[in-house]
Every structure is written in structure tokens, then in C-alpha cells.
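*Asks:* Sequence:
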Amino acid sequence: MNGFAAEEAARLPNGEAFGLHCLAASTLAGKMDAGLRLMRGRGLAFRATDEYVTEEFMAYVKRARPSKEIAPGAGILVNTCRALEGEFIDVVADHLAAGGKKLFVKHSEVIPAAAIRQVIEDAMLSDEGMAMRQRAKMLGEAVRASRADGGLSRKDLDDFIAYVTR
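Residues in the sequence shown are numbered from 953 upward in steps of one, following this note's numbering.
Please keep in mind that the hints were generated in silico from the structure rather than gathered at the bench. Fair warning: there could be bad hints in the mix.
[Said to hold, decoys possible] Ranges of calculated distance between the beta carbons of each label pair, as one might list FRET restraints:
{"id": "1", "residue 1": "Ala-1035", "residue 2": "Glu-1061", "range": "38 to 46 Å"}
{"id": "2", "residue 1": "Phe-1009", "residue 2": "Pro-1064", "range": "42 to 50 Å"}
{"id": "3", "residue 1": "Thr-1117", "residue 2": "Phe-998", "range": "26 to 34 Å"}
Yeah, the Cβ is synthetic: ideal placement off N, Cα and C, and Gly gets one too.
Take these sequences, add in the hints, and give me the full structure.
*Replies:* Structure (C-alpha cells):
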């Protein structure tokens, strides 16, 4: 889920949200473990991305991604595999466990589609659901406006393309 959607989902009663991070588990582990205690304990080294990318690119990333924090109620979904980053995945799992999160809480449970559909319908028809739909509508309008010619996201994309093609 995008960060804004994960934050909204985390506010739902009995809701669980996930932040999708398009980066290596090793990078995520280094950013989560501020003192690098968990990584050092496993003999792992962290190389920050700013050590090997240009200042201009880092400035672009900071502008393009306004929030670096994961919502307090959010979980994490990382696209990786144990064969490549097993030790780093363990660091992320240990960090989440320290914050009270459970790894793969309902890993083997199968939930019927009808049950999921009913929960969504119930949530969306409630007063909170209607308010969330209104916020989503406003957010959608803001996103469309930012992507239009002259919009902030469009400008960032144009700046990025100009930078990488110079």
C-alpha cells in the first residue's frame, strides 16, 4: 500500500496496514535499526544509499517521497527472498518484534473472498467509511491535479527526466 493509504488503513479499528518499500531488505534494515545494533550483532555492514548516489538524485528522492516514516500501526511488505537477504530480513523482523509486531501473523490462514467483501462493504457504509471515501475522493483529485501539466508531480518527473538525459 502506498504510505498515505497505509496510514489511513492503520487508523481503522482492527485494521492492519502494510507499507510497500521498493528497496532491498538490507537498505530497509539499515534505516530501521538506527544504531545498527541488530546488524552489528549479526556481523552485517550497512552501506547507506547516499554513499553511492549523487546529491542531485538524493534531493530528488527527498522531494518525491515526503514521508520516510512507517505509520505506527503499519506492517511492512518487502519484495525480496531469503536466499539473497536472509540475515537482513531477520533484522527487519527483530525490529518489528521489538515494536510489538508479529511476523506473518496469519500466514497459513485462508479467508474466503465473500468474508473479505462483507467486511469491506460494512466498513464503507459506516459513517467512518463515508468520511474515508470523501477523503479518498479529495486525495484522488489532488493526485490528478499534481500529475497534470504544471502540477508538482509532473514537474518533479520532468526535472528527473531532464537530469538523467542531460
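*Asks:* Evaluate each hint against the coordinates.
*Replies:* Results of checking the hints against the structure:
The given range of 38 to 46 Å is broken by Ala-1035 and Glu-1061, whose C-beta atoms sit roughly 26 Å from each other. Taking the beta carbon of each, Phe-1009 and Pro-1064 are about 46 Å apart, inside 42 to 50 Å as hinted. Between Thr-1117 and Phe-998 the beta carbon distance is about 32 Å. The supplied range of 26 to 34 Å therefore holds.
In summary, the structure is inconsistent with hint 1 from the numbered list given earlier, while agreeing with all the others.
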